[in-house]
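Position chain E relative to chain G; hints supplied.
Protein chains: 2
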Amino acid sequence: MNKKDNIVIIGAGLCGSLLALRLAQRGYKVEVYESRPDLRKVDISAGRSINLALSDRGLKALRLCGMEEKAKEICIPMYGRLMHDKAGNTFASNYSGREGEYINSISRGDLNAILLDEAEKHENVNIHFNSGCKKVDIENKVAHFKSYETGEKFKVKGDVIFGTDGAGSSLRKSYISERKFLFSYSQNYLNHGYKELEIPADDSGNHQISKGHLHIWPRGDFMLIALPNMDGSFTVTLFLSYDEGEYNFNNLTSTKKITAFFEKEFPDALTLIPNIKEEFANNPTGPLGTVKCSPWSYQKKTLLMGDAAHAIVPFYGQGMNASFEDVVVFDAILNQNLENWDAVFKAYEKVRKKDTDAIADLAIDNFYEMRDHVANPLFKEKRKIEMDLEKHFSNQYFSKYSLVTFNEEIGYNEAMKRGRAQDKALLNLIADKNISTSLEMSKKELEIVLNKVKEETEKILKEDKIAGL
Amino acid sequence: MNKKDNIVIIGAGLCGSLLALRLAQRGYKVEVYESRPDLRKVDISAGRSINLALSDRGLKALRLCGMEEKAKEICIPMYGRLMHDKAGNTFASNYSGREGEYINSISRGDLNAILLDEAEKHENVNIHFNSGCKKVDIENKVAHFKSYETGEKFKVKGDVIFGTDGAGSSLRKSYISERKFLFSYSQNYLNHGYKELEIPADDSGNHQISKGHLHIWPRGDFMLIALPNMDGSFTVTLFLSYDEGEYNFNNLTSTKKITAFFEKEFPDALTLIPNIKEEFANNPTGPLGTVKCSPWSYQKKTLLMGDAAHAIVPFYGQGMNASFEDVVVFDAILNQNLENWDAVFKAYEKVRKKDTDAIADLAIDNFYEMRDHVANPLFKEKRKIEMDLEKHFSNQYFSKYSLVTFNEEIGYNEAMKRGRAQDKALLNLIADKNISTSLEMSKKELEIVLNKVKEETEKILKEDKIAGL
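Residue numbers (full-length UniProt numbering), protein chains in the order written: chain G, 1 to 469; chain E, 1 to 469.
The following block holds chain G by itself, in its conformation from the complex:
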């Protein structure tokens, strides 16, 4: 924990560059190694999500590092979902009944670039691109790299090594292969994959559909979503099974079949994606996986952070936010002035792990919930009541989505427990007709609903606690 410690960070993606910046601001000497070329000089977006949802937890982390304002300049606010049915009708559903609660579409590359720029302003930061980490000798704190410019192999010894090298983390793989300790590890794939497509800007450079929404074409077993970009385009993502159902990634092999699929299921979107044939054929199909592991650290030597420690599926829009929040939590642990890195790493995992496990589970929940939304009228009634409660009792009611997305002072685990109990309370109150679901409720009627939901939620939490859940 000496400021002279030579800190090595593997990976200069979103988490790595924010971590480097924060450690530099705290006065540490940081060497960062990134396998890709410098994205400020080369376009390397292919195959990764082009834009992402940035919300309050991520913004809090950016604020900590003095980057919130710069990030906001490249943000496009999305106030809610806009659902598209097969007939081309649209239905808006706000993210919150409160004013000022919205999420933001932001370019992964642009955000990464401003973080790299800011980190590099610090003399105590060096960023080495085109340096792919092959393995880490965790005992001796030596990372082995290959230069993708010269082809040469080289080693770097650190006093501490951070692995912010993403879902396929090389440091994490070394934990498994070196077998120095019992490493709990899971990788779980959904049966669905994803593929990105594009809705270009119109001739004037404007967005062709509402840029204030996250667009969704929900179809039960598969769906299309679209997030706006600053240049007037939208990045569209198709989520579809690899091998189940009438249409799937494995059998959508001909242009004819792809077109037939879109004509049948997404006719309005099809007219907006002119290069669908080329894009469908050329853009990669990515898997949707969840990674959990423990311990994140090895003694006082190495630590996994961000996706390297906890990769999640994208259905809650929290992947980047969770990784950024890691930096906030880690920073708070550093403020405790513990005796050494081992104590810091252990304290960090102890407070953080339950929350990253929770957001992983919430993201999976949402994958199934998004399907149910289509088929299950209970969910729609629930959402309607929640909007009303948030609007009229804005200091008293927070939906699960709000707890997760807009309440950064509550951990994900707390948000999950309370949010799930609340959902269960609401769904059962509606199903048992114990609360009014009339479209126009007076504030007094709504207050009765609020109190019943609160009471039932507390009861559920209490009963779970007694059962040891």
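Don't read these hints as lab results, they were simulated from the structure. Take these hints with a grain of salt, some might be off.
Copies of the same chain are indistinguishable here, so a pair counts whether it falls within one copy or spans any two.
[To be verified] When the alpha-carbon atoms are kept at most 20 Å apart in a straight line, the in silico SDA-like pairs for lysine to any residue are as follows:
hint, residue 1, residue 2
1, LYS459, GLU244
2, LYS86, VAL156
3, LYS354, GLY220
4, LYS180, ASN250
5, LYS380, LYS465
6, LYS155, ASP110
7, LYS353, ALA332
8, LYS264, ALA347
9, LYS465, ILE364
10, LYS417, LEU461
11, LYS465, LEU378
12, LYS433, ASP331
13, LYS180, ASN251
14, LYS292, ILE176
15, LYS350, GLY245
16, LYS380, GLU198
17, LYS195, PRO314
18, LYS454, ASP464
19, LYS462, LEU427
20, LYS135, ILE176
21, LYS153, ASN413
Same frame as chain G, but now just chain E:
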């Protein structure tokens, strides 16, 4: 699915030898490869659990293969737990309130031996010992072995390959390393490990403590258990954290400290374990891990079964039973005469996976429940009521333990869902004083309790269902 198919089974442990026997009985040609020497000729028990709990699910599988009676000859019935406190007092707790519901202590080696003997009676079975599987080329169905007798490497091509090679399965590792498909995989370790010790028979060859019980010395964060052997001895297992608490495996390094630990915590057991010093030093400390994965099969080529597909912690006494039940479920799928092995493998995983996931989770639950039993009076009251209900309403009430252990016609997943809901109902009814917990209830009073528990359980299941849980 041709009877002429050359079937290769990797691993002749409990699951592999039962599977080989069953497939041979069905007329298949089976070649079995086992890395260890023939346990009927060499003592190779070191480092593995010497005895195990055999209960109704395992017995059903043995019955299917005509082996139930032979197995019963080497079984020692255990009718309940006998708890030992620090002062040496004992408290019995039956496994069921019904007559005839008990579990059995059985020697892993002896049971394995009678299965191997029976399998080898079939001309269409060959068992090759000392043949360690190094990897499997799953695409070409070629298993690579090393002979531990000659040191030679050799390959075996099968039409189908079964991996029943245990928690460290070589076939499963090949699924990971060959990367032919998206393989969901998890290994999760508890912070506790285990070590086996021995209570020898007395001078007359008799058991020194009750042989009709599974003995437990519960101490909250750690515990000792003992299961009887046919020769009058008991195999004792210490479950203890690797690195937490005052005493743990990492710091119990001196004879003095080990003795002090046992004198303080298990004084009555200490007097029964004469060779504790040597055994503690020489016997290995094993980890307690859970393995889940999916898919278990690769096309129509390979299939994982038993611990290779689903290793679990020992706290429900269901590890062997679950692996044996795999063979029952697989056999039932074979009866459906599906079109090919791929269809068989997929149908098998579809019905089986949810149940092996459930028993893995139940076994973890029990690890924590065993701790709570000591501290939590609610759990004791619950157990007392359950015994009474099972005794007086033996066709109407089945505790979670009974559902899992003695109701082999119900899958583990169903047993888990119903059992958890029932536990939650009972614990909350007791906590809220909604049912009588008096020691002496009339049958009529008990019937009121039964009906309240039933009603509350149904309510919990219904509410969970509405919430989509």
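Requested in this report: Check each numbered hint against the structure and report the violated ones by number, ascending.
Outcome: Of the numbered hints, 1, 2, 3, 6, 8, 12, 16 and 21 do not hold.
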